[in-house]
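Undergrad: Residue numbers 1 to 253, in UniProt numbering, belong to the letters of the sequence shown in order.
Think of the hints as simulated: they come from the structure by calculation, not from any bench.
It cannot be assumed that every hint is accurate.
Quick list of simulated restraints, FRET-style, between CB atoms [what the hints assert, rightly or not]:
no.	residue 1	residue 2	range
1	Asp15	Arg152	20 to 30 Å
2	Leu37	Gln3	33 to 43 Å
3	Asp33	Val135	22 to 32 Å
4	Leu38	Gln3	37 to 47 Å
5	Pro13	Thr115	31 to 41 Å
6	Pro6	Leu38	35 to 45 Å
7	Val174	Ser129	37 to 47 Å
Glycine included, every Cβ here is placed at the ideal spot set by N, Cα and C.
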Amino acid sequence: MAQELPLDFAAVPIDSMVLLIADMLERLMAHNDLIPLLPESLTRFHSRSAPGITVLDYLRRIVRFTNVEKSCLLVTLYYIDQICARMPLFTLSSLTCHRFIIASITVSSKGLCDTFCTNSLYAKVGGISVGELNVLEREFLETIDWRLMCTREVLQEYYVNLVRTHSTGQFFVVGSHSSSSGSISSDSDVEMDPASRPSTPADTARTILIDSARLPTDVSRRPTIEQNMAFAALKKPPDTTPAAAVETHDSDT
1 MAQELPLDFA AVPIDSMVLL IADMLERLMA HNDLIPLLPE SLTRFHSRSA
51 PGITVLDYLR RIVRFTNVEK SCLLVTLYYI DQICARMPLF TLSSLTCHRF
101 IIASITVSSK GLCDTFCTNS LYAKVGGISV GELNVLEREF LETIDWRLMC
151 TREVLQEYYV NLVRTHSTGQ FFVVGSHSSS SGSISSDSDV EMDPASRPST
201 PADTARTILI DSARLPTDVS RRPTIEQNMA FAALKKPPDT TPAAAVETHD
251 SDT
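Use the sequences and the hints to build the structure in full.
TA: This is the structure we're talking about:
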């Protein structure tokens, strides 16, 4: 049965927002997991193995224990596109998604909200050490060149696109048939190509709103020694306590 959602993303129930975002990320991961992993494509966000928690449950856990705002959840999609544009070989996969999410929530909450949690809490909720989260946070900020801001119009566009492309088609936005999904203003901080359009449900792009065909493809870059060593480590059986794996916590924080 179709579920009606308000036109304004700020008025959407937070669990519905989580369902929409998780659906998009799961489809991105399913597509990107088919892309061969190259040494030069390894980043700080790569885990040794895929975490044993779904993206949906992971997002719900973050919402439950950090009281994250909907704008911070939605801006994660914008950050994915920005980092994919700056790091052409980066893909959101089952090895990178969870660590990317907790780093994004940590950064966006500090940059966009009046109140936010400590890194120790974000780390505990995210299933990684505080030291590792600190490293991810620095890497995240440097990669996006500290450009945390995103216009409300662009967030609205992401939201409408999430509803329109949901895999089950169970959601629809009130009045969306007669309303624009939001345009990118000329004075915004957004670096997306205005000519790009949201993907259709059948599309399988590496990114969400950016046209992936417009992204640079620097595949000739040679891997660093560190990347080659990390890639070799990924080929070995995982240790009992992998340093880069997202752990889950059963106890309440």
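Undergrad: Check the structure against each numbered hint from earlier and tell me which ones fail, lowest number first.
TA: 5
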